[in-house]
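Now for the letters of each chain:
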Amino acid sequence: MTVGAFIQETNKPEGWNRPPVMKPDGDGELLEVAMGPHHPSTHGVFRMDVSLDGEKVIRLKPVFGYLHRNHEKLAEGMSYLGSMPFTDRLDYICSLTNNWAYALAVEKLTGQEVPERAEYLRVILGELTRVQNHASSIGFLIQEMGASGTPLMYAFKAREKILDLFEGLTGARMMCNYMRFGGCRVDASPAWLDDTRKVVAGLPGFIDEFERLLTGNEILMARCQGVGILRPELAVNAGVTGPMLRASGVNYDIRKVDSYGIYNRFPFRVPLGDHWDVYDRFMIRLLEVRESIKILEQALKEIPAGPVMDAKVKIRGFRPKPGEAYGRIEAPKGELGFYLISDGGPNPYRYRVRPPSLINLTILEDMCLGQNVADVVLIFGSVDIVLGEVDR
Amino acid sequence: MTAEGIKMMIDAALPGSGVEIVTNPSVSGQHSLRLDPSHAVAVAKFLRDDEGLSLDFLSNATGVDWPDKEITEKVKVKRPVTKTVDGVEQTAEETVEETRKRVEPGCLEAVYHLYSVARKHGPVVIRMRTVNRTDQVELPSLTSVWRSAEFQEREIFDLYGIVFKGHPDLRRLLMWDGFKDHPMRRDYVDPDDFEYEPTAHDEVLKRAEAHRAASQEGRAAGQ
Amino acid sequence: MAVEEGLKIELGKQGVFVTTIEELYNWGRRSSIWPMQFGLACCAIEMIATTMARYDLARFGAEVFRPSPRQADLMIISGTVTKKMAPQVVRLYNQMAEPKYVIAMGACAISGGPFKQGYNVLKGIDRYIPVDVHIPGCPPRPEALLHAFMTLQKKIDAQPLTGEGRPRFLDAQAQGEFPVPEFGEHDLEPSSNKGVWPVPVVISAGTKGLRD
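Residue numbers (this note's numbering), protein chains in the order written: chain X, 1 to 392; chain Y, 393 to 615; chain E, 616 to 827.
Hints are supplied without guarantee of correctness; some may be wrong.
Unchecked claim - Straight-line C-alpha distance at most 25 Å; calculated DMTMM-like pairs for lysine to aspartate or glutamate:
id, chain 1, residue 1, chain 2, residue 2
1, E, K731, Y, E462
2, X, K321, Y, E601
3, E, K809, Y, E396
4, X, K61, Y, D573
5, X, K61, Y, D569
6, Y, K399, Y, D448
7, X, K56, X, E144
8, X, K321, Y, D569
9, X, K23, Y, D561
Said to hold, decoys possible - Label-pair distances were calculated between CB atoms; the ranges are:
id, chain 1, residue 1, chain 2, residue 2, range
10, X, K198, E, A668, 35 to 45 Å
11, X, G171, E, A668, 18 to 28 Å
12, Y, T415, X, N251, 29 to 39 Å
13, Y, P459, X, V313, 25 to 35 Å
14, Y, P429, E, Q710, 47 to 57 Å
15, X, N264, E, Q732, 36 to 46 Å
16, X, N251, Y, V523, 34 to 44 Å
17, X, G171, E, Y670, 42 to 52 Å
18, Y, I463, E, F798, 34 to 44 Å
19, Y, T483, E, E800, 53 to 63 Å
20, E, Q710, X, D27, 51 to 61 Å
21, E, S683, X, G205, 30 to 40 Å
22, Y, R511, X, D274, 44 to 54 Å
Calculated directly from the structure, the hints in this document are not laboratory data.
As the structure is a prediction and not an experimental result, all values here were calculated from the model.
Glycine is no exception: its CB is placed at the ideal position from the N, C-alpha and C atoms.
Construct all of the structure, not just a fragment, from the sequences and the given hints.
In structure tokens:
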């Protein structure tokens with residue numbers, strides 16, 4: 001069965017809820033390979049049970065749970081604020097956007113207001129996180145293609161500068177634990193804002209260098225174009241969000257749809273993909289970094305003075321009234337949502353993380369069927385998952 | 393797109409489908425619709441395919457455990473009471489207050505959050521409840537309507553034990569296949585592997601004390 | 616028979632290099648430890664950052680990270696070991712060829728870390744395999760991983776080749792392969808390896824001792 005025929009068969013709603021059954025050519029036995037959980041190219045402990053007919057993938061079943069640290073059960077035993085450091089460890093590359101999503105969900109539950117300076121700081125830190133996440137993701141993808149470390153070194157060079165900024169403001173490189181319900185933990189000094197302006201001024205040069213190295217590269221184009229096609233209707237039905245959804249041509253960016261925070265003050269474009277393949281996902285991330293740089297420059301210019309924490313907020317004895325709320329943001333990997341049910345006590349009754357990486361993996365099998373096994377690694381890398389979020 | 397408006401549309405299109413509104417007392421204003429399990433798939437298809445709603449995006453599917461509740465209430469009952477008045481026994485009916493305890497059976501619940509990518513609105517919250525927590529734990533699977541429910545319903549099965557009928561591949565997702573419990577339930581007991589705990593408190597302290605006593609006995613016997 | 620430092624330096628100035636076989640052997644072993652590319656969770660990102668250009672780990676001898684356990688000398692357990700993953704970790708450790716070392720990086724690998732009260736979290740990898748260096752932190756900074764690497768190098772330097780403290784591969788009685796735990800119905804079976812991890816006894820001082 002060719003890839004083209006397979007795409008036509010799934011062009012109906014009835015064909016969406018299961019990947020099509022591929023029939024191998026010939027009579028031989030299928031080769032069952034378990035890729036993972038210890039594998040140099042899976043982003044952590046992830047396993048794929050792949051059935052191969054020669055080089056072609058006939059069936060692919062992802063297996064995870066190797067990093068299941070029962071974050072949701074722990075949160076039921078801790079106070080609301082006590083879960084904030086644990087949200088850092090969900091998507092461990094982007095800890096500040098995880099904090100923001102949780103703070104947003106609790107603010108939806110209680111109706112707290114966030115002062116303006118805190119909103120600007122949240123936007124600045126969120127967009128810095130997006131820049132370093134997309135750069136690392138492209139670096140890892142190209143390393144898995146065989147580039148043996150060099151693009152990753154360039155990406156981590158920019159990432160180290162951004163991590164120095166995080167350490168200067170929040171005290172930690174990776175697990176920042178900075179957002180609070182109703183604002184941010186500490187204020188940013190003018191010296192820190194100057195440092196940030198210098199780093200942001202250097203970012204366009206970094207992205208230009210990255211693009212020059214990579215975009216016209218023959219090997220990249222030959223390996224990535226036409227591989228791992230994901231149709232927009234299937235993407236929407238499967239709950240895919242983030243750069244993967246936009247690379248399939250669907251214009252849905254939660255920063256524009258929900259307009260949470262103060263994102264309606266920043267005019268930025270949403271890049272969309274035309275060919276729905278791995279190359280599009282890679283280019284979308286580069287273009288999103290450019291849009292983030294524009295947002296950062298504007299936010300750093302306009303940030304007002306003022307408090308960073310709501311004056312009426314209660315830290316000790318924080319007991320939201322009974323009810324439930326679902327709050328979501330556009331994290332660098334997709335839609336990160338938190339669903340909280342409160343029963344009036346100090347601990348949440350139900351605390352649920354909606355992990356973008358797990359739900360983006362739903363159609364991994366559909367994208368890989370009929371492709372070569374060497375492309376499975378590329379397609380998987382373009383989904384850009386983090387196991388801490390998939391397994392929680 | 394209020395919950396009442398959606399309920400009216402569903403009642404108009406599929407009468408008798410048993411949709412109720414569950415109000416949400418918090419500030420978020422996200423009220424939910426409780427679906428009857430026998431009509432859930434039809435209602436879900438309507439929500440996805442209707443032109444005005446086009447809720448084509450299932451964002452989040454999760455489970456909630458509502459354990460059995462023991463309710464103590466004071467009830468006024470008429471009881472025959474025997475009293476001795478002036479040496480003569482008399483039986484009369486009097487109203488007496490009694491405290492009665494009854495167990496309200498709990499259930500497991502599946503909650504779905506729906507959004508619309510075509511019309512950019514949402515969220516619409518729908519819920520389904522099982523009959524009880526022990527043997528009647530089946531709910532229909534919505535994987536045939538939204539593909540993104542596939543892994544999330546597997547996770548609800550793994551951690552809560554709700555069996556989804558019609559799910560194409562219902563296996564455990566996060567725990568290993570031989571695992572027997574459903575860990576996210578409120579009455580789950582952790583396995584006892586805290587032999588060494590230097591800063592223990594509460595139940596962990598009680599378990600650590602038992603282990604400490606056993607290991608000190610072993611040391612004394614060994615000497 | 617060891618040679619005095621002064622004599623060594625004098626001879627060295629003349630171009631004569633005096634040493635013992637033990638020193639030379641250990642110097643070769645410790646200067647070329649190749650770690651296995653084995654990252655579990657968040658600490659793995661700090662491990663990768665340690666190998667990048669800013670905190671270069673290659674200048675300490677860890678030139679290449681080998682994906683295959685057969686070709687690696689050091690396993691850096693970076694991240695939470697869950698019960699689902701624990702049999703795989705022990706199997707990988709068994710597949711490594713001697714001499715092999717283990718660094719437990721981060722609070723989760725030492726004792727379960729912040730996720731200690733977990734039904735799926737193994738409370739420390741030293742319940743099943745012997746660990747040489749522990750690095751506290753959540754996550755430990757790249758400088759801490761470099762310090763741990765240097766500590767491991769000092770430990771190897773101090774190992775004699777004969778007698779009591781000799782390394783495992785020179786000792787015929789020492790155990791090189793450790794039993795792999797199985798998936799039970801509620802927990803791993805066995806829940807820890809009593810030969811590797813004798814349950815530490817906590818002797819509580821009590822408040823009386825503190826007041827006296």
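Hint by hint, here is what the structure shows:
1. This hinted pair does not check out: E/K731 and Y/E462 have alpha carbons roughly 32 Å apart, beyond 25 Å.
2. Between X/K321 and Y/E601 the alpha-carbon distance is near 38 Å, which puts this suggested pair outside the 25 Å criterion.
3. As the CA atoms of E/K809 and Y/E396 are separated by approximately 62 Å, the hinted pair breaks the 25 Å bound.
4. Annotation: proposed proximity of X/K61 to Y/D573 holds, straight-line Cα distance about 24 Å (limit 25 Å).
5. Distance hint between X/K61 and Y/D569 is fulfilled; the C-alpha atoms sit about 15 Å from each other, no more than 25 Å.
6. Restraint check: the Cα-Cα separation between Y/K399 and Y/D448 comes to about 18 Å, which is no more than 25 Å; the hinted pair holds.
7. A C-alpha spacing of about 19 Å is found between X/K56 and X/E144, which places the hinted pair at or below 25 Å, so the restraint holds.
8. For the hint pairing X/K321 with Y/D569, the CA-to-CA distance comes to about 39 Å; that exceeds 25 Å, so the pair is violated.
9. Proximity of X/K23 to Y/D561 is assessed by CA-CA distance (about 19 Å); at most 25 Å being required, the pair is judged to hold.
10. As the Cβ distance of X/K198 to E/A668 is approximately 20 Å, the hint placing it in 35 to 45 Å is violated.
11. Checking the proposed 18 to 28 Å range against X/G171 and E/A668 shows it holds: the Cβ atoms sit about 24 Å from each other.
12. Look at Y/T415 against X/N251: about 34 Å separates their beta carbons, and that is inside 29 to 39 Å.
13. Range check, Y/P459 to X/V313: Cβ separation about 32 Å, and the 25 to 35 Å hint holds.
14. At roughly 49 Å, the beta carbons of Y/P429 and E/Q710 sit within the given window of 47 to 57 Å.
15. Here the CB-CB span from X/N264 to E/Q732 is close to 42 Å, well matched to the stated 36 to 46 Å.
16. Range check, X/N251 to Y/V523: Cβ separation about 43 Å, and the 34 to 44 Å hint holds.
17. At about 19 Å, the CB distance of X/G171 to E/Y670 disagrees with the hint of 42 to 52 Å.
18. Distance hint check for Y/I463 and E/F798: the Cβ-Cβ separation is about 40 Å, which falls inside the suggested range of 34 to 44 Å.
19. The given range of 53 to 63 Å is respected by Y/T483 and E/E800, whose C-beta atoms sit roughly 59 Å from each other.
20. Take E/Q710 and X/D27: their Cβ atoms lie about 35 Å apart, and the range 51 to 61 Å is violated.
21. Distance hint for E/S683 and X/G205: a CB-CB separation of about 39 Å, consistent with the stated range 30 to 40 Å.
22. Taken as a hint, the range 44 to 54 Å is violated for the pair Y/R511 and X/D274, whose Cβ atoms sit roughly 24 Å apart.
Consistency with the previously given hints fails for numbers 1, 2, 3, 8, 10, 17, 20, 22, ordered from lowest to highest.
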